[in-house]
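These protein sequence lines are chains L and C, in that order. Take the first sequence: its letters are residues 1 to 533, numbered as in the numbering used here. Take the second sequence: its letters are residues 1 to 380, numbered as in the numbering used here.
A portion of the hints provided could be inaccurate.
Straight-line C-alpha distance at most 20 Å; calculated EDC-like pairs for lysine to aspartate or glutamate [stated by the list, open to error]: (1) C:K337 <-> L:D352; (2) C:K301 <-> L:E104; (3) L:K273 <-> C:D338; (4) C:K163 <-> L:E437; (5) L:K508 <-> C:E228; (6) C:K337 <-> L:E104; (7) L:K508 <-> C:E229.
Derived by calculation from the structure, the hints in this document are not laboratory data.
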Amino acid sequence: MKTRHPLPRRAVRFVVFAAMVITLATPCSVTAKCGCCQACRKQALVAQIQLTRAQARRLVPIFENAVKLQADHYQTMAELMPRMLETYTAFRDEDALNQGFSSEVEQATSRLHSLEVKAHDTLGSEMLKLEERVKAILSGAQLQVLAAGPQSPTMVRPETLIGQVAVGNMKALAAAVDPEIARTVRELADVAAYRHPRPTQIGRQLLDPGLAESLYPLARIGPSNSALAAIRILRQGTRECPRERYDAYKAELGRLHGEISAWNLVNGLHLNKDQAVAIAQCAYAAAGLREQFKCGVLPGPNPGPGDYSRLSDQDKVAIQMAAAPAVVEQLYRLERNIMNVLSDTQVRVILDFQPCLLPPRNLSNPVLVGQAKENTAVSGFLARTRRLPRARQAAAVGHWLEHEERHNGKYDDEYRAHRRRLLLDTVAEAAQMNETEFEMHRNELAQRAQPADVKEELQYQLGHALAARHMPGRVAKALLFDPHMPLLLETRARQLSKPLKTARRDLKTGPQADNCDRGKCALPGRKNGKSTR
Amino acid sequence: MSRIQRRELLASATRLAAGTCVGCGATSLLTTRVRAAEASARTTGRQVDFYERLSYDRIQCFVCPLHCELDDGETCFCRTRTNYGGQLYTDAYSNPCIVTTDAIEKLPLNHFLPATETLTIACGGCNMRCLYCQNWQQSQVCPNDIKTFPLTPQQAVDGALRKGIPTIAFSYTEPIAFLEYAKDIAILARKRRLRVVVATGAFVDPEPLLDFARYVDAFCVALKGFDEEFYHRVTGTHFEPVKKAIETIARRTKCWLEIVNLIVPTYNDDMTAIGKMCRWIATEVGRTVPVHFARFVPMYKLTGLPRTGVPTLESAVAVARSAGLRCVYTSNIAPHKDTDTRCIKCGATLIQRLGFRVLEDRTRNGVCPHCHTRQPGIWT
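Build out the structure end to end from the sequences listed, making use of the hints.
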């Protein structure tokens, strides 16, 4: 039932609007709403791109949709995160022991992780759709300004060049001087963006709740109640999960993710004690080098920390840029040292390693010696699709291609058509075989239908290009730049130095194998060809 | 009412008794024939080669050391051989549950045509009851109780030839449980110049083993422990026959032999016992016989145990080397330095592996390129 407002409608609207404008337009230092200068920065951005009132009015509904989506995501994650923290911590503890996972912990982790990925991907793809609508409103020049914003991922940020853990900085540094590397980096970014859709700079800047203070006054429209509630959730959190707690959860989860992934790699490398100790030393040396670099202790003509701290930011960046190649060279040498400690096959595992929460059973070979099942995803797809009627096979291939693209990045039309033809032909061939023939040729057919792993190929290309320029690559990223690694390696070395315990248990206790001792070996008869046991 | 003479009564009774006996005999004979025909229809009619008739419809199987005694309709402990009316038939014949192509390193065989593929065949059933079986879904059931793929020996050999695969392997479950099928494939394969390799627990009597070995090129024997108590309590079988079978393969056949020992934490990871086993291998089987120490992963009925630690495997490798064994490997663990093949003389790395993927083979037909020493194994 509609409730009638006691005051005239126009008056109410005016009062609400005035209140909103006053509240939102007040600088953040006065209201202390956001606790940072995000709103002020957004005001500067709006001024920089010269957003018109007409544009602002068209942006408002899109913005409101975006904040509502983000608020929903906040609430979903606020509910999930405490459970995730508890489960991931148990998972990390088991991972650190390297003795396999208990099924409850493994299953719970898998379930929560898929919920987490789904929540992030859903928000990402919805935000992308909204971003497309934003792009339709803005002019080319405005989009250019936004795209080249202060946080462009391809831009070299010398102040964090070495301080950051990611090899991304190396990539950016190399990309700046080598167009081929720049192309590879762009392609890798495209694959990543397609696999896990996330808004770009444009979306991130214009669909951020911090824009409210600039957008509503400019548009001269008051925010809807639901948008206000969403903005409030995003800034202050909910009663059950205030913003500070949410941020703390998020930071802790990020740390756990990183630590688990690092453990997965360390476990998969099967390091011995000497290797663990040697790599830990290199990792500490790299951490020290990065720390020195951040503090201004630079190789070559060193201005010294005292002088350095008094320099302007621009001068600091200039000095760091000049010193960067020498530091990069030192990191490269440390990476070489690690590669000398590792075997070729261990290096190969690092090159193939993808950060993960749930590790594959074996990082290089998922199947055990003597174990029967070794079916790839493509092999399973062929086994399912060959039994379908011809008419439904084409649809199944279409779905499969979408699945492939989620992993490999978007295919161009020509390659997509080629893959489609290849898959349809392979499925048709498989469909003509009887069960035995198919089983015999299954691996061969799957191998033929297997798509090239674009991401892996690009990463290999990039690795070679970086090595050619004497820049640290994936081994350094995994073992030198990971902040968890030194501590993990020390723990592993300690675990490996414990004396070997091989006390034999009393075999009379515990499960016993069936045998023929208590009577004859013969098994009872069978009925209708089925065992009666 | 006429009176019957005593003599007539006795004569009638005798005739009746004789008639009954003949009738029963005929019925029994007919039943046997029907059962045999039924078995023939159900199992493609392949009789087991090694069994004896104990009485009219009671038989004893002599394929494995359990020597199962079976009444009519009963099945051996291995779940694959059934007494149909006094004749022992195999239920596994032409009835495999696994038909796939694998790397030969997966058996594992590291000194036999490295980096080649095998057509691997396995049927349901096994004469062992290992608590940690990796393929228990296939090995601990009757061949007819799981999904199978009809494949005659001729089709198996033709399939391998068509795919250009040089070797047929019997693995995953126990080939001794489908010995008749494996042997018929091996006979045909030998005629068509294909190699045959067998991964087995070697719980088998010497006679069938020697009969089968005539058509086999390589055995990969799982020596699961080195004492009777372990064999009895963990595998449900006995140790001595396995030991004897390994000696038989090494001394009385020309087959290539590799030995796998799965190290199960707290069950058989005692280094003293491992040392004893290695010394026995070195003296009785041969110093150049490759020995693989495999990592245990919780499976089947032993899910409560941890995985074997890498230091345990490395210690076992060290113990084996100090016992004089020349080719010692770790398996189920990658990457690891002890999965590579090294020259038995100069120690140079000859074959580099990542799990069972060969990354690089530097040998020249099994000869070390550095010191020109011929490596033990079959290379061409």
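Against the structure, the hints come out as follows:
A threshold of 20 Å between alpha carbons decides the hint, and for K337 (chain C) with D352 (chain L) the separation of about 18 Å falls inside it, so the pair holds. Pair hint K301 (chain C) plus E104 (chain L) holds up; C-alpha atoms about 17 Å apart against a cutoff of 20 Å. For the hint pairing K273 (chain L) with D338 (chain C), the CA-to-CA distance comes to about 16 Å; that is within 20 Å, so the pair holds. At most 20 Å may separate the alpha-carbon atoms for a hinted pair to count; K163 (chain C) and E437 (chain L) meet this at roughly 11 Å.
Pair hint K508 (chain L) plus E228 (chain C) holds up; C-alpha atoms about 13 Å apart against a cutoff of 20 Å. Between K337 (chain C) and E104 (chain L) the CA atoms are separated by roughly 33 Å; this puts the pair beyond 20 Å, and the hint is violated. A C-alpha spacing of about 9 Å is found between K508 (chain L) and E229 (chain C), which places the hinted pair at or below 20 Å, so the restraint holds.
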